[in-house]
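Trainee: Read off the chains here:
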Amino acid sequence: MMDTGLILHTGAFGLIVIGIAGIVLSSHLIRIIFGIALLEAGANLLLLLATWHEGTSAPIIVDGHIPAVMADPVPQALVLTAIVIGVGILALALSLALRIQQAWGTLDIREIRQRMEEEIADTAGVDLPSSPHAPKPFPPVAAKQEGRS
Amino acid sequence: MNNLALMIALPLIAAFLLPVINRVSSLAARWTGPLVVLVTSVIGIMAWTQLGANAVAIELGGFRPPLGITLYADQLAVLFAIAVSVGTLLLWPDDGEDRIRQSTLTLILAASGSGLALSGDLFNIYVLYELVAVVSYGLVASKGTPGSLAATMRYLIVSAFGAALALTGIALVYQATGTLNLAQLSQLAPTHLNNMQGLAAFVLMLVGFGVKAELFPVNTWVPEVYATAPARVSGLLAGVVSKLALLIIVRLLVLVFHQPEALQIMLVLGILGVVTGELAAWRARDFNRMLAFSSIGQLGIMFIAFSIPGQAGIFAGLAVALHHLLVKPAMFLLAERWGGSLAKLAGVAHSSPLGAALFILLALSLIGVPPLPGFWAKLLVMINLMAQESSLYTLGAWIIMGGAALEANYLFRVAGSFYHRADGQTPPAAHRPRDLATAALLGATLAVGMFVIMPLAEQLEGVADQAADRDHYVQTVNPEALP
Chain A
1 MMDTGLILHT GAFGLIVIGI AGIVLSSHLI RIIFGIALLE AGANLLLLLA TWHEGTSAPI
61 IVDGHIPAVM ADPVPQALVL TAIVIGVGIL ALALSLALRI QQAWGTLDIR EIRQRMEEEI
121 ADTAGVDLPS SPHAPKPFPP VAAKQEGRS
Chain B
150 MNNLALMIAL PLIAAFLLPV INRVSSLAAR WTGPLVVLVT SVIGIMAWTQ LGANAVAIEL
210 GGFRPPLGIT LYADQLAVLF AIAVSVGTLL LWPDDGEDRI RQSTLTLILA ASGSGLALSG
270 DLFNIYVLYE LVAVVSYGLV ASKGTPGSLA ATMRYLIVSA FGAALALTGI ALVYQATGTL
330 NLAQLSQLAP THLNNMQGLA AFVLMLVGFG VKAELFPVNT WVPEVYATAP ARVSGLLAGV
390 VSKLALLIIV RLLVLVFHQP EALQIMLVLG ILGVVTGELA AWRARDFNRM LAFSSIGQLG
450 IMFIAFSIPG QAGIFAGLAV ALHHLLVKPA MFLLAERWGG SLAKLAGVAH SSPLGAALFI
510 LLALSLIGVP PLPGFWAKLL VMINLMAQES SLYTLGAWII MGGAALEANY LFRVAGSFYH
570 RADGQTPPAA HRPRDLATAA LLGATLAVGM FVIMPLAEQL EGVADQAADR DHYVQTVNPE
630 ALP
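The listed protein sequences derive, respectively, from chains A and B.
Under the numbering used here, the first residue of the first sequence is numbered 1, with each subsequent residue one higher.
Under the numbering used here, the first residue of the second sequence is numbered 150, with each subsequent residue one higher.
A portion of the hints provided could be inaccurate.
Claimed, not checked - Derived list of chain A stretches under chain B, where covered just means 3 residues or more per stretch with a C-beta under 8 Å from a C-beta of chain B:
# : region
1 : 9-23
2 : 34-41
3 : 46-58
4 : 67-81
5 : 91-101
6 : 104-114
7 : 120-128
To be verified - Here are the computed distance ranges between Cβ atoms for each label pair:
#  : chain 1 : residue 1 : chain 2 : residue 2 : range
8  : A       : L80       : B       : M535      : 47 to 53 Å
9  : B       : F165      : A       : F13       : 37 to 43 Å
10 : A       : L90       : B       : W547      : 40 to 46 Å
11 : A       : D108      : B       : R581      : 35 to 41 Å
12 : B       : R619      : A       : G105      : 54 to 60 Å
13 : B       : I162      : A       : G11       : 40 to 46 Å
14 : B       : L337      : A       : L8        : 20 to 26 Å
15 : B       : D247      : A       : V62       : 49 to 55 Å
16 : B       : R619      : A       : L8        : 31 to 37 Å
17 : B       : E538      : A       : V24       : 33 to 39 Å
18 : B       : Q413      : A       : D108      : 34 to 40 Å
19 : B       : M195      : A       : P67       : 45 to 51 Å
20 : B       : L428      : A       : R31       : 30 to 36 Å
As the list claims (entries may be wrong) - A few chain B positions that, by computed beta-carbon distances, are all more than 10 Å from chain A:
#  : residue
21 : L200
22 : H341
23 : L528
I should point out that these hints are in silico values taken from the structure, not numbers from a laboratory.
In this text, all values refer to a predicted model and were calculated from it rather than measured experimentally.
We treat Cβ as the ideally placed atom computed from N, Cα and C, and that holds for glycine.
Next comes chain A alone, as it looks inside the complex (with noise of 0.2 Å):
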């Protein structure tokens, strides 16, 4: 029979892994902002379980009856802090991908690194770096604008 700890453990590892996987493997912008969500509740729910045991009762004295098995009220805390923190991150990453998504019609992140490195290049007035090696670059924006919004 399977314990609840060890659901719960497997559960925030896995959230942990699917979320790093998203971020390293997506190209699409939403989708690496989703890793970001996805890894952030991985590592909360983690120090969530860090001194979770079964049937602890929420460490509040009603009536001056005091619970038996009390649970660590610490890392409740911490993590509402945390999701807070992250809550806030997720809505400036959302709002700068909108604005990216404005100036250049794109949300692909090789295509606005490339874009990126073409106006730092342009800026600062010297070629872009580059080997004989590096992989082809996007068409112009003006062709692939069509179809998407």
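Chain A is fixed; fit chain B onto it per the hints.
Mentor: Showing chain B alone in chain A's frame:
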């Protein structure tokens, strides 16, 4: 001494009052920020003068550790808190239409940065680290061009990834010990964290906090951000914020993680940082990117230095860190007008002799030419590396030497081109007086440091001694802890 908490509280209060003050009087709003940071600098310096060999622990709200939140002020922490205040004061954003917004962000950066230096609690460190990160996104994106937004986005992805890894590491530590107070962790570490779980937690936190410290695999954001952000912000990130992240890692190493593997991992990543950073800087064709890559290389040297066990490593690492703290912001201030292709800088010494002279002084110290302070810092690292038995440390020493040779090559190449004849080129715009004055002030500090190098070294050794003393930390935070 308790007023050290004001170094965190004052800028935070001012930051959130600033938009209100701006409604009443824009002149007052303009001066509030610098004034507050000036006050916190003075508080820090006064605390430094009172602080002797004994560190001070401040219990916020009167709650005793481990339940309460402690601030731990030893000379190292106060030194970096002063660096944050003085750094933000010197690099204060004073131009542009969204000055108030940027001032607010810079004030929060000052508050969270001081907090990061003084914090004695792992979770506070995490929260303040995130605060520094969020504020830096806003500052980095302040130019508002699509390129700078894209660079910020990519910076945010790496940074959020790192923060989540650090949080995972913190969760592992909490699971093993049930506390996040650094002093208590230090007592429990030998029995609870001296295993694979402890090592995993350290690696997660090293990579997580290493994002801001430009650690080797997680530094992809550095060249992009420093090329698109305003030069002042780049100077602040490269000069001050990276050292704060480094400070956290050093504290963790001293207090909690004593596995030899931990030091070795850091050493290897540092070596890779020096190799990649210096090679990329050598190849760079524009000024900002050259500075960005060279800063990766310099941070690599710091990681190598801090991986030397014991007090010697902290001493050597601190010397390099403080030297870089002076040099890199000054160089970025020069980059404010000189940013762009290195070819455009040919003959620039004719139009801006002071700027060129300053750059050469800074470059010489960065390479490590005697008798400039940079030489003594690097010499200290080399001596201590060679004193180690492991051949990996010797490799580190050779890599630093090779890196210095590369640095000399690309920096001399640039400095040499300053004195070429400018054939029909329009020289870049003259530096703003404030930028040049600040850079000159930092350069002058460097030059003065050259003459008082021995007393400085003695002072710094004291700081390192205190920082390396684990029992002193535990005893200060919790006097009943040790027999």
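Trainee: Of all the hints numbered above, which does this structure not satisfy? Sort the numbers upward.
Mentor: Hints that this structure does not satisfy do not exist here, as all of them hold.
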